[in-house]
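Chemist: Chains as they are written, first to last, in my numbering: chain Y, 1 to 187; chain S, 1 to 170.
Bear in mind the hints are in silico, worked out from the structure with no lab data behind them.
Glycine included, C-beta positions come from ideal geometry on N, C-alpha and C.
Mixed in with the good hints, there may be bad ones.
No more than 20 angstroms apart at the CA atoms, straight line, and that leaves these computed lysine to aspartate or glutamate pairs for EDC-like [said to hold, decoys possible]: (1) 170(S) to 24(S); (2) 142(S) to 66(S); (3) 64(S) to 151(S); (4) 170(S) to 71(S); (5) 170(S) to 31(S); (6) 170(S) to 186(Y); (7) 10(S) to 186(Y); (8) 82(S) to 186(Y); (9) 82(S) to 71(S).
Ranges between beta-carbon positions, derived for each pair [said to hold, decoys possible]: (10) 100(Y) to 119(S): 27 to 35 angstroms; (11) 49(Y) to 76(S): 29 to 37 angstroms; (12) 17(S) to 98(Y): 50 to 58 angstroms; (13) 68(S) to 52(Y): 26 to 34 angstroms; (14) 90(Y) to 76(S): 19 to 27 angstroms; (15) 91(Y) to 32(S): 24 to 32 angstroms; (16) 87(Y) to 114(S): 25 to 33 angstroms.
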Amino acid sequence: MPLGAARFGLLGGVADLGKLELIETQTISSDLANFTTLYESTYNVHLLTLTDLKTTTQTEFGLRVSDDNGTTYETTPYQFANQRGSAGGTFDERKSTVQQSIRLGGDVTTATNSVLNGYVYIYNAGDSTKYTFTTSHITFQFGTNYYMEFGSGVYATASTINALQIGQGILGAFSSGTISAYGIAES
Amino acid sequence: MAVGNLEFIKSASGTTVSSLSVTDCFSADYDVYQVVIDNDNAGNNDLYIRVINNSGTVISTGSKYDYANLELNASTGFTQNKNAGFNEFRGIGYQALEGAGTIATFYNPYVSSSYTFATSQTASMYTTSSYFRGGKSIGVYKNADTITGLEINAPSSNFSYINVSVYGVK
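Make a model of the complete structure from these sequences and hints.
Modeler: See below:
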């Protein structure tokens, strides 16, 4: 169903209240993923799904926000706190109050099957009076070692966020992968 | 009605309240529910969440709740919080001065032959610059009865605002 029809709640003549609505899917090749249309006045919660993201070097993936429709992406103030765990036995804390992006997960390497998958929820993007929060859960191969990473982040400025950027490191183009952005509609 | 989707059931909200009840949000129509909690509060504490049965009773006795969560702090060490045989869920979401976002998933609340399970993830900011914390939580209400709603409590000071939206997973 087209997004427009979904947003106006028409499905076979029956009011269709609330659902997960696809905003956009991007298939990346040697680029950053920039989502410059979020319909942030419609959705209070967004969901990103990350599928088979590959890096150009050993590094993590992260997220930045924009309040000028993607003309610039903010480099501060972000905070995050993640728990990373390996099937090989080591669990550790990944956290920062000063990093210039919200960490999602890593390290991912350039090995053949070293890819990252997962999801990110984003809260309050369209509310100019609130901070924008994220929660995420990621699974990936760190070379031949299997890892998961879950956690939370914040862009600690009260503003309207109208674009999102996903990239590798802090924060650059990545090799490949698919990312979809959804809005959770209340009405 | 769409098939294979999230379907909005209801929302409830309050301002300057210590507690919010979301009634009649669970039914035979769905087995799994997504609950989005958006709140702001001058205190820095866990949300205390109790279930409401189909008689309208808030279950706050009987030691029927188990929960475990990991508190993820951006500026200090992470901590485990857990209890077995408690009288509420703690840590499914947080209070926070600068707001909090939570998504919790409840499984089988309306199925009278099944326990009610919960998983959640949350993010919150206590003060403007110094205290970001996230959380990952699991819980179970260990009584096989019919649950139709939730009561969400702020244990320290009132919510400045709280909004809860409930979706069925179809």
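Chemist: Take the hints in turn and mark each one as holding or not.
Modeler: Verification of the hints:
1. For the proposed pair residue 170(S) and residue 24(S), the alpha carbon gap of about 18 angstroms is at most 20 angstroms, so the pair holds.
2. Between the alpha carbons of residue 142(S) and residue 66(S) the distance comes to roughly 8 angstroms, so the proposed pair stays at or under 20 angstroms and holds.
3. For the given pair, residue 64(S) sits about 15 angstroms from residue 151(S) by alpha-carbon distance, which is consistent with the 20 angstroms threshold.
4. As the CA atoms of residue 170(S) and residue 71(S) are separated by approximately 31 angstroms, the hinted pair breaks the 20 angstroms bound.
5. At roughly 8 angstroms between alpha-carbon atoms, residue 170(S) and residue 31(S) fall within 20 angstroms of each other, so this suggested pair holds.
6. At roughly 15 angstroms between alpha-carbon atoms, residue 170(S) and residue 186(Y) fall within 20 angstroms of each other, so this suggested pair holds.
7. Restraint check for residue 10(S) and residue 186(Y): the C-alpha separation of about 8 angstroms stays at or below 20 angstroms, so the hint holds.
8. With a CA separation close to 33 angstroms, the supplied pair residue 82(S) and residue 186(Y) exceeds the 20 angstroms bound.
9. Simply put, residue 82(S) and residue 71(S) have alpha-carbon atoms about 11 angstroms apart, close enough for the 20 angstroms limit, and the pair holds.
10. Under the hint 27 to 35 angstroms, the C-beta atoms of residue 100(Y) and residue 119(S), about 31 angstroms apart, fit the expected range.
11. About 31 angstroms separates the C-beta atoms of residue 49(Y) and residue 76(S), a value consistent with the hinted range of 29 to 37 angstroms.
12. For residue 17(S) paired with residue 98(Y), a C-beta distance near 36 angstroms fails the hint of 50 to 58 angstroms.
13. Taking the beta carbon of each, residue 68(S) and residue 52(Y) are about 32 angstroms apart, inside 26 to 34 angstroms as hinted.
14. A beta carbon spacing of about 21 angstroms between residue 90(Y) and residue 76(S) agrees with the range 19 to 27 angstroms that was offered as a hint.
15. A beta carbon spacing of about 28 angstroms between residue 91(Y) and residue 32(S) agrees with the range 24 to 32 angstroms that was offered as a hint.
16. The beta-carbon spacing between residue 87(Y) and residue 114(S), approximately 30 angstroms, falls within the hinted interval of 25 to 33 angstroms.
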